[in-house]
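Trainee: Sequence:
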Amino acid sequence: MKNKGHHGPDYKLLVVSDEETLIKYPEEKLKTMFKDVDLIISCGDLSNHYLDYLVTILNKPLVYVNGNHVYGPDHDISFCTNVDGGGIAKVKGLMIVGFDGSRMYSGGDHQYTEAQMRIQVWRACSKLLLKKPDIVVSHAPVAGVHEGKHEVHKGFLCFKKALEFLRPKLWLHGHIHLKDHHQVQETAYKDTRIVNAFGYKVVHLKKER
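Residue 186 in the working numbering sits at position 186 of the sequence shown, with consecutive numbering throughout.
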């Protein structure tokens, strides 16, 4: 990724998805590990209780999309910023757009056909003609990048169009569980870093002038 015209420290992002890995750590260790994190981002399939826990322990803002599974939906996390359905938010100076859910497989909530997701992408892109986002957050992957073998774990083709049009610095996703450390977790596409955030991952992003 090309970085031009930057100065000062990076943004430090704690990105989480799919597995509540950090619940295993003592609270004080979490505070030490992530004391200088600017923002927490969830790529889905984590319980509302877990997201509340991270915000409470770390005292950092949190932006999230829902996955194809929603755990503890009645637990209030209105203090977090949801960007489902092509939602757009500016948090800590970062423009973020989100796409929730996965490919349709059972007709449940947060499941979409390619055509339905294409509409979400089109609506988001139409609002971002002049200002491109810094980060795209999705649950499902981009088609052909980090996707799984089974249909439910395939990426959306329209995300490739979004990647070309929006040109974000980061595209963060979940949904694809990693079985070992040899699986690819980060891929570069032109100036965009595409990151699978399974479990948790600390991601740095350069601050622009």
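Some clues are possibly wrong.
[Stated by the list, open to error] Across the chosen pairs, the derived CB separations fall in these ranges:
{"id": "1", "residue 1": "Ser-106", "residue 2": "Leu-157", "range": "17 to 23 Å"}
{"id": "2", "residue 1": "Glu-28", "residue 2": "Asp-191", "range": "23 to 29 Å"}
{"id": "3", "residue 1": "Ala-115", "residue 2": "Val-55", "range": "32 to 38 Å"}
{"id": "4", "residue 1": "Tyr-189", "residue 2": "Ile-88", "range": "17 to 23 Å"}
[Said to hold, decoys possible] DSSO-like mimics (lysine-lysine), calculated; alpha carbons at most 30 Å apart, straight line:
{"id": "5", "residue 1": "Lys-90", "residue 2": "Lys-179"}
{"id": "6", "residue 1": "Lys-169", "residue 2": "Lys-154"}
{"id": "7", "residue 1": "Lys-190", "residue 2": "Lys-161"}
{"id": "8", "residue 1": "Lys-12", "residue 2": "Lys-92"}
{"id": "9", "residue 1": "Lys-92", "residue 2": "Lys-131"}
{"id": "10", "residue 1": "Lys-169", "residue 2": "Lys-207"}
{"id": "11", "residue 1": "Lys-149", "residue 2": "Lys-160"}
{"id": "12", "residue 1": "Lys-160", "residue 2": "Lys-90"}
{"id": "13", "residue 1": "Lys-154", "residue 2": "Lys-201"}
{"id": "14", "residue 1": "Lys-131", "residue 2": "Lys-190"}
{"id": "15", "residue 1": "Lys-90", "residue 2": "Lys-132"}
{"id": "16", "residue 1": "Lys-90", "residue 2": "Lys-169"}
{"id": "17", "residue 1": "Lys-24", "residue 2": "Lys-131"}
Hints in this document: simulated from the structure, not taken from any laboratory. Computed from a prediction, not measured in an experiment: that's the story for all the values here. In this text, a Cβ means the ideal position worked out from N, Cα and C, and glycines have one as well.
Trainee: Would you list, in rising numerical order, the hints stated earlier that this structure does not obey?
Mentor: 2, 5, 17
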